[in-house]
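Peer 1: Put the two chains together into one complex, using the hints given.
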Amino acid sequence: MISVKNLSKSYKGIRVLNIENLEIPKGQSFGLVGNNGAGKTTFFSLILDLIQPTTGQIKNKEILVNESEEWKTFTSSFIDESFLIGYLTAEEYFYFIGELRGQTKADVDTLISQFEDFFHGEILGQNKYLRDLSKGNQKKAGIVATFIGNPEVIILDEPFANLDPTTQIRLKQIIKELTQNKDVTVLISSHDLQHITEVCERIVVLEKGDVIKDISTSDATLKELEDYFTGSVLS
Amino acid sequence: MIKRFLSLEWKQFTRASYFQKGLAIKILMFFAVLYFGGMAIFMGGAMFFILKKIMPEADPIETVNNFMIYWVLANLAIRFFMQQLPVMNIKPLMIIPIKRNIVIHYLLGKTVISFFNFISLFIFLPFTVVLLVKGYPPVYVLFWFLSIMCINMALNFINFLINKNNTVFYAIASTLVVLIGLEYYDIFKISEPIGLVFNTLYTNPYLVVIPLLLMAGLYKINFNYVRKGFYLDDAVSKKAEKVNTTDLTWMNRFGSIAPFLKNDVKLISRNARPKQVVMMSFFFLFYGLFFFTSDVYYEMPSILAFASMFITGGFLMTFGQLVPSWDSEYYKLFMSQNISYKKYLESKWYLMVVAVAISFVLSTPYIYFGWEIFGMIAAGALFNIGLNTFITLLGGALNRVPIELNTKAKAFSNTNGFNLTQMLIGLPKLVLPMILFYVPYKLVSFDAGLIVLALSGVLGIVFKTFFLNKIERIYQKGKYKTIAAFAEKK
Chain A
0 MISVKNLSKS YKGIRVLNIE NLEIPKGQSF GLVGNNGAGK TTFFSLILDL IQPTTGQIKN
60 KEILVNESEE WKTFTSSFID ESFLIGYLTA EEYFYFIGEL RGQTKADVDT LISQFEDFFH
120 GEILGQNKYL RDLSKGNQKK AGIVATFIGN PEVIILDEPF ANLDPTTQIR LKQIIKELTQ
180 NKDVTVLISS HDLQHITEVC ERIVVLEKGD VIKDISTSDA TLKELEDYFT GSVLS
Chain B
0 MIKRFLSLEW KQFTRASYFQ KGLAIKILMF FAVLYFGGMA IFMGGAMFFI LKKIMPEADP
60 IETVNNFMIY WVLANLAIRF FMQQLPVMNI KPLMIIPIKR NIVIHYLLGK TVISFFNFIS
120 LFIFLPFTVV LLVKGYPPVY VLFWFLSIMC INMALNFINF LINKNNTVFY AIASTLVVLI
180 GLEYYDIFKI SEPIGLVFNT LYTNPYLVVI PLLLMAGLYK INFNYVRKGF YLDDAVSKKA
240 EKVNTTDLTW MNRFGSIAPF LKNDVKLISR NARPKQVVMM SFFFLFYGLF FFTSDVYYEM
300 PSILAFASMF ITGGFLMTFG QLVPSWDSEY YKLFMSQNIS YKKYLESKWY LMVVAVAISF
360 VLSTPYIYFG WEIFGMIAAG ALFNIGLNTF ITLLGGALNR VPIELNTKAK AFSNTNGFNL
420 TQMLIGLPKL VLPMILFYVP YKLVSFDAGL IVLALSGVLG IVFKTFFLNK IERIYQKGKY
480 KTIAAFAEKK
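Protein sequences, first through last, are from chains A and B.
According to numbering that gives the first Met the number 0, the stretch in the first sequence is residues 0 to 234, in order.
According to numbering that gives the first Met the number 0, the stretch in the second sequence is residues 0 to 489, in order.
Bear in mind the hints are in silico, worked out from the structure with no lab data behind them.
One or more of the hints may lead you astray.
[Said to hold, decoys possible] Here's a subset of chain A near chain B, in silico, CB distances under 8 Å, partners left out: (1) Leu47; (2) Ile50; (3) Ser76; (4) Ser81; (5) Phe82; (6) Gly85; (7) Thr88; (8) Phe95; (9) Glu98; (10) Asn126; (11) Lys127; (12) Tyr128.
Values in this document were obtained by computation on a predicted structure and should not be read as measured data.
Every residue, glycine too, gets a C-beta built ideally from N, C-alpha and C.
Pulled out of the complex, with its shape left as it was, chain B reads as follows (with noise of 0.2 Å):
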C-alpha cells in the first residue's frame, strides 16, 4: 500500500506543473533550493563559532538555547504564511478500499517531509556536529537535539490546527515584534526563562520526553480532526466564505477605470494569494531600516537610493510584477468585454500609483533619519510612479503565467509568475534608480542626484499616454498567446 503511495507521490512530483517549466526555471529551482539549504548548513555549522565570537564568556549552547523562543514563533509565523495542510489532495482517496486511518496516516506523516522541516534540521544538525566535535557530552547534545526536532514537528502539527484562523498568526505575529522590541530595548527578556526551560531540557536529557509527548499528542489531535472532518462536505471541501461587501462607491471619481479599480480592490481583498502578496509588499516599508541605521552604507549613497527606491516600491515589486496574471482566472472576458486594453492597463497603472503614495504617507517617519533620508524616498516614490510603473507593466506582457486566486503560495512548490524573462525585465527595476542617482551625484552633488532622480519620475508622468500606448500595443501583440497560455488548466 505504502508503495503505491509512494509511487503516485513521485507522478505528483515529477509530473506537477513546476517542473514541466523550461529547463531554465529547473535549474534556477534547483540553485534556489541549494542556496538556501547550502545557508542553512553554513549557518548552523557557524553559529558555533559567531557565538563564540561575539560572547566570549557566554557558553553557545546557552545562548542558543536562550534565542530559541523566537526560532519557535518564528518558525510558526513562516509556516503559518506558506504552509498548508493538503486535505484536498485525499479526495480521490476516499472512496478507494483503503483503510481511511491509512489514508489520513499518510496525509500527516507526508507533512514530515515538507521543505519547512528540513530548514530546522540543515540548522540544528551542523550545530549538533560541531557541539560534537568540540567535545560536548554526546548524550546531552542527542538528546538536546532530539528534543528540539520534537518541537519542530510539534509546531508542524501545531500549524495545521490553527492554519484556518487569521487572528491567530496576527497574534503571533504580533507577539513576535512585541518580544523583540522588549528584549531590544532591555525592558523584559523573554529570552531568558525560555532559555532556562530549554537549558534544563539540555542538562537533564530524560526529559526529552516531554517534547516526544507534546508532538505525539499534536499528532494525535490533527489525526482526530482530520478523522472526524474525513466527508466531502467538511475538512476536506474548500469552506465557503463569508461574504464581505464594502461599499466602494466612492471610488467612481475615478470615472471610466472605476470598475477595474473597484475590482481590484476585491480582488486584493478576498483572496487569499494576493492578500499574501500585499502583506509582503507592506514589509518592504520596513527595508530601509537596514540600511539607515547601518553607518556602512552611509559611504555608498547609490544603495541607499537602491533602498529609498524599495521602501515605496513594495507594491509595484510584489502585487506589480504580477500584472497581468492577476486577472488569469477570467482573461477571456475581459478579452471578450467592452473593455479597452488601454484603460485596462491604465487602472493597473492607477492602482500602483495609488499604492506608491499610500507607502510614501506611511514612511513619513523615516523623517526621524533626517530630511536627506527622506528626500530619497520622495525621489525614489516619484520614480517609482513615474518610470518603475510602467517598466512592472512592460515586464507583465511577458508574463504568462496562470495565477490560482485563492490558494496561498506554498514554498518551492508554486512558481506562479516565476520565470526568467521576469527577473530579467526586474533588472532595470533595480539598477535604473542606482544610476540615475549616481551619476549625477558623482559629477555634480548628491542633491543633483535627488533631483535627477526625481525628474526622471515626473518625465514617466508627463509623457504618460504615450508610454501606454507603446505597452498596450506590445500586450495586443502577445495577446493570443496569454489568453492560451492562461487558459492551461495547471
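If we strip away everything but chain A, and leave its shape as in the complex, we get (with noise of 0.2 Å):
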C-alpha cells in the first residue's frame, strides 16, 4: 500500500530521517516506536505530504503523494491538535469531515454511534466547542473523525497518549476491528511498547532516523523491544 524508497529528510543539513527501502502491504497494521527525535512524526508528515523530502519518494497506493493530490480520497489521519478546528462542535466537525469525504450525515451518525463507548459521555451532545474539550476528549474526537468515509489508509500518532485507561483499551478493540479484514491499512506510533505490540502485526524501531529494527510482532517481541530500549539507557 505504502512504499518507500530512498527516503531522506534533512534540516539545515543535520539529517533526522533515513530509510532506504519500506514496503507497508494493504491491511497491515504497523507500528512505529522510537524516543524523541527518532523520526516517527517526521515520517507520517511525509507521507501526508505536509512536509518535502530531501531525497527520495513515498508512493501510496501507487501514487507519488508529493505529485498527485489522488490519495487523499483514501488516506485520513490525526497527527495533532492542528488537525481539529477548534471552533467546531464535535458533531459539526464529524459532519464537516463527512461532508469532506462525501457521506451524508445519516452516515456519519451510524458510523459515531459505534463509538459511543469510546466516546464516554464526553464527546457527543457537550454544547461545547472542541477547543473548550480537555486534551484526552480531543483526542478522541480526532481519532474517530479518522474512520469517517471508509478510508483505506489511517495514520494515527501517539494515539495512546492523553487517553484515559478505559479509552486505551478500547482504542486497542477499535484498532484490531479495523484490520480484522485486512482492507485498512493502519500506521500508528507509540511511546507504549506493551500497547503497540498488542495492537500491530509489525512494529519498526526508528533512532535518529534510521531503522533499528523491523519486527514481526510475536509473543517475545515486547520483551525484545523492552531490552532494546532498556540497552540504549544503558549503554
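Peer 2: The structure is reproduced here in C-alpha cells:
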C-alpha cells in the first residue's frame, strides 16, 4: 500500500530521517516506535505530504504523494490538535469531515454511534466547542474523525497518549477490529510498547532517523523491545 | 521583586514574536508608532490654534471641555475594541511564593503603560503646554490636566470591568452615534451640560479630588475583582463559551464548496479576531461619506473611483487579505483531508463575492448623492468581484503569518498578517481601479471610465477558472512553506 524508497529528510544539513526501503502492504497494522526525535512524526508528515522530502519518494497506493493529491481520497490521519477545528462542536466537526469525504449526515451518525462507549459520554451532545474540551477528549474526537468515509489508510500519531485507561483499552479493540479484514492499513506510533505490540502485527524501531529493527510481532516482541530500549539507556 | 517583574517584562517584550520578525517590519512598526505618536503630539499642540481660528470668539479650553464627552466615549469604544486585561500572563506566577496582592498590583499597574493611555497623554500634554505658554493660570491648567489624566486612567479601569460584555460596547457605540447625530442636527447638545462639568473642573482646581477618587475607586474594584477570581477556574481561565448552533443547511445549494462556506460562517461568528475584522469591514461602508460630502473631491474623479471601490471592498481589504491565515490553526487538516486546493480557494472566492454583494446592497443609500456616484459604486463593486478578489487571493499565497483566532488583536502588539509583501500586494488593489477609471475618463468621458472599470470586473468573472488555476499553482508551490510557518508556535 505504502512504499518508501531512499527517503531522507534533512534540516539545515542535519539528517533527521533516512529510510532506504520500506514496504507496508495493504491491510497491515504497522507500528512505529522510537524515542523523542527518532523521526516518527517526520515520517508521518512525509507520507501526508506536509513536508517535502530531501531525497527519495513515497508512494501511497501507487500514487506519488508529492505529485498528485489523489491519495487524499482514501487516506485519513490525526497527527496533533492542528487537525481539529477548534470552533466547531464535535458533531459539527464529524459532519464537516463527512461532507469532505462524501458522506451524508446519516452515514456519519451511523458510524459515530458505534463509538459511543469510546466517547464515554464526553464528546457528543456536550454543547462545547472542541477548543474547550480537555486534551484527552479532543484526541478522542480526532481519532474517531479519521474513521469517517471508509478510508483505506489511517495514520495516527501517538493515539494512546493523553487517553484514560478505559479509552486506551477500547482504542486497542477498535484498531484490532479495523485491521481484522485486512482492508484498512493502519499506521500508528506510540511510546507505549505494550499497547503497540498488542495492536500491531509489525513494528519498526526508529533511532535518530534510521530503521534499527523491523519486527513481525510475536510473543517475544515486547521483551525484545524492552531489552532494546533498556539497552539504549545503559549504553 | 519589582525588579524581577520588570526583567520578565523586558524579556517578554524583546522576545515577543513581533520583535523577531524581519527588520523591515520593525522599521515599519517603528514608523507607525512614531507616526501615531507624532500625530497625537502635533494635534495636541495645534489644537489650541485651530480652535482659536475656527471659533475666534470662544475660549479654546472651553471648546475642548465641551467636546470632552466625545473623547471619553470614543476612548472607551476604542479601548473596548482593542485593549484586554492580560490576566492570562499571571498563571505561571500563581504557584510562585509571591503575595497575591503584589501580583495583582503589578498586573493592574502594568496596564497603566498601555499605548491607549499614552495617546491621550500625547494629545493633552502639548495642549497643556500651549495653554501655559499662552498665559493661562498655571494652577487651573495643571489641575485640569491632572483631572483629565485621572479620567483617562479611570476609563482604563472601567474598560476591564465591562470588557467581557458585548452589549456594553454596542451601547457605548450607539450612544456615541446618537449623540453626534443630535449634536450635528442641533436637536440636543450633550456637549453643553457635560462641557459645564469639565469647565467647572477647570475653574475649581480643588475638584481634582473627584476624578482622583473615581480612578482610585475603579482601581480598587478591579483589584477586588481580580483578587476574587484569582483561581485557575475563574478569571484566569478562558471561559468556555456557550455554543450557538445555527442551521446552515440552506447553504448546501452552493454544492461542493458548501462545507467550506458553512465553515467560514462559523469561523466568523464564533471567533473574536475574525468578528473584529468583519466589524471593521462594516465601517468601510461609510467611507464614501468622507468623499462624497466634500466638494474638493468632485474635481478629482479618480479619487472618487478609489472611494467607490472602498465602499464595497471592506471585507476584501480586511478579511480577504488574511486568507489563508484564517485557517492556520488547522491548516494541516486541510492539507491532508480530501480537499483540493482549488475547491478551497474557490470557496474563499465565493465568500468574498457574497460579501461584496451584501456591501453593495447596503450601499444603496448612496443614491442620495446622485446616480453618477451610485454608478461608480456599482462599477467599483464589479471590479471588486471580478479582479480584486483574485488579487487578494494572490496576495494570500504570500501570506504566511499564523493567526490566533480567538484572541482580540491588540494595537501594536499583534502584527498578525501584517507584512511587507502584504502591503506591496495591496497596492494594485488601490491603484488599479484609479487607473482603470482615470485613463478612459481623461481620454473619452466619465461614462467611459465607469464602463471600463465595470468591464474589467466582468472580464475577471469570465476568466474565473483560468485565474483560479493560476493562483492554485502558486499556492501549491508555497504549500510546504505555508504549513511550516503556520505550525510555528508563537
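Peer 1: Each of the hints needs a verdict: does it hold here or not?
Peer 2: Hint check results:
1. Restraint check, Leu47/A versus chain B: the minimum CB separation of about 4 Å is within 8 Å; hint holds.
2. Satisfaction of the interface hint for Ile50/A is found here, the shortest Cβ-Cβ separation to chain B being roughly 6 Å, below the 8 Å cut-off.
3. Hint on Ser76/A holds. Least Cβ distance to chain B is approximately 6 Å, under the 8 Å limit.
4. The interface hint given for Ser81/A holds, since its Cβ lies 5 Å from the closest Cβ of chain B, which is under the 8 Å cut-off.
5. Checking Phe82/A against chain B: minimum C-beta separation of about 4 Å stays under 8 Å; hint holds.
6. Checking Gly85/A against chain B: minimum C-beta separation of about 6 Å stays under 8 Å; hint holds.
7. Taking 8 Å as the C-beta cut-off, the interface hint given for Thr88/A holds, the closest approach to chain B being about 6 Å.
8. The interface hint given for Phe95/A holds, since its Cβ lies 6 Å from the closest Cβ of chain B, which is under the 8 Å cut-off.
9. Given hint, Glu98/A at the interface with chain B, holds; its Cβ is 4 Å from that chain's nearest Cβ, closer than 8 Å.
10. Below 8 Å, beta-carbon pairs count as interface contacts, and Asn126/A has one with chain B at about 5 Å; its hint therefore holds.
11. Against a cut-off of 8 Å between C-beta atoms, the interface hint on Lys127/A holds, since the closest Cβ of chain B lies about 6 Å away.
12. For Tyr128/A, the shortest C-beta to C-beta distance to chain B is roughly 6 Å, which falls under 8 Å, so the interface hint holds.
Violated hints for the displayed structure: none, as all numbered hints are satisfied.
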